[in-house]
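Visitor: Based on the provided sequences and hints, a complete structural model is requested.
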Amino acid sequence: GINAEYGKQWYQRRVRGNKLKYFAFLRKRMNTNPAHGPFHFRAPSKILWRTIRGMIPHKTTRGMEALNRLKVFEGVPPPYDKTKRMVVPGALRVLRLKPGRKYASIGRISREVGWKYGDVVEKLETKRKEKSATYFQAKKKINALRAKAAASA
Numbered sequence: 156g157i158n159a160e161y162g163k164q165w166y167q168r169r170v171r172g173n174k175l176k177y178f179a180f181l182r183k184r185m186n187t188n189p190a191h192g193p194f195h196f197r198a199p200s201k202i203l204w205r206t207i208r209g210m211i212p213h214k215t216t217r218g219m220e221a222l223n224r225l226k227v228f229e230g231v232p233p234p235y236d237k238t239k240r241m242v243v244p245g246a247l248r249v250l251r252l253k254p255g256r257k258y259a260s261i262g263r264i265s266r267e268v269g270w271k272y273g274d275v276v277e278k279l280e281t282k283r284k285e286k287s288a289t290y291f292q293a294k295k296k297i298n299a300l301r302a303k304a305a306a307s308a
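When we follow my numbering, the leftmost residue of the sequence shown carries the number 156, and every step to the right adds one.
Just so you know, these hints were derived from the structure itself, not from any lab.
Certain hints may be false.
Lysine-lysine pairs mimicking DSSO-like chemistry, simulated, CA-CA at most 27 Å apart [unchecked claim]: (1) Lys226 x Lys278; (2) Lys284 x Lys201; (3) Lys237 x Lys278; (4) Lys239 x Lys201; (5) Lys174 x Lys257.
Have a look at the derived ranges for each label pair, beta carbon to beta carbon [said to hold, decoys possible]: (6) Ala308 x Pro234: 36 to 42 Å; (7) Lys278 x Ala302: 35 to 41 Å; (8) Thr206 x Arg301: 40 to 46 Å; (9) Lys303 x Gly273: 43 to 49 Å; (10) Leu175 x Leu300: 52 to 58 Å.
For each residue, glycine too, the CB sits at the ideal point set by N, CA and C.
Guide: Below is the structure:
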C-alpha cells in the first residue's frame, strides 16, 4: 500500500529540480480562463507536494488518504525540530548526479518565480540551528559527566 505516514518532507537546499522544466510548466494555463487551472504553486513545499501528488493515485480513496498523511514544510517547524533527522541515501546529489552537472534548488526556483518568504524561512532556520547547536553542546557535557561518573563508580 501507499505509506505516506513516513513521507514527512522538509524543504532543505538538497532538494533539486530542473529550472527550465518548471518555467515550461508555468507557461501552461487554461487559455479562456486561467482561474480554471493548472495552478502553479510558488512555495517550495507546495511544489514538492504537487510533485509527490503526481506519483500517487490521488483520485482514489486510498490515494487521497495517503496524500492527507503527507506533511510538507519550509524549514523544520517546532514539533519536528526535536526529532532526529533522517538522510535518504538514494536522494543525495553526490549519488544521483554526475560531477559537473548543473542543478537548481527548489528554494532558488521558488524565489525566481515569486515566492516571497525565502528570507523569513532562512532567518528562522538560522535561529533554529543556533538553538540546536547550544542544546547539542549541553548534551555533550552531560554525556561526558555521565561517562566520567560511570567510570569512577
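Visitor: Hint by hint, where does the structure go against what was stated? Just the numbers, ascending.
Guide: none
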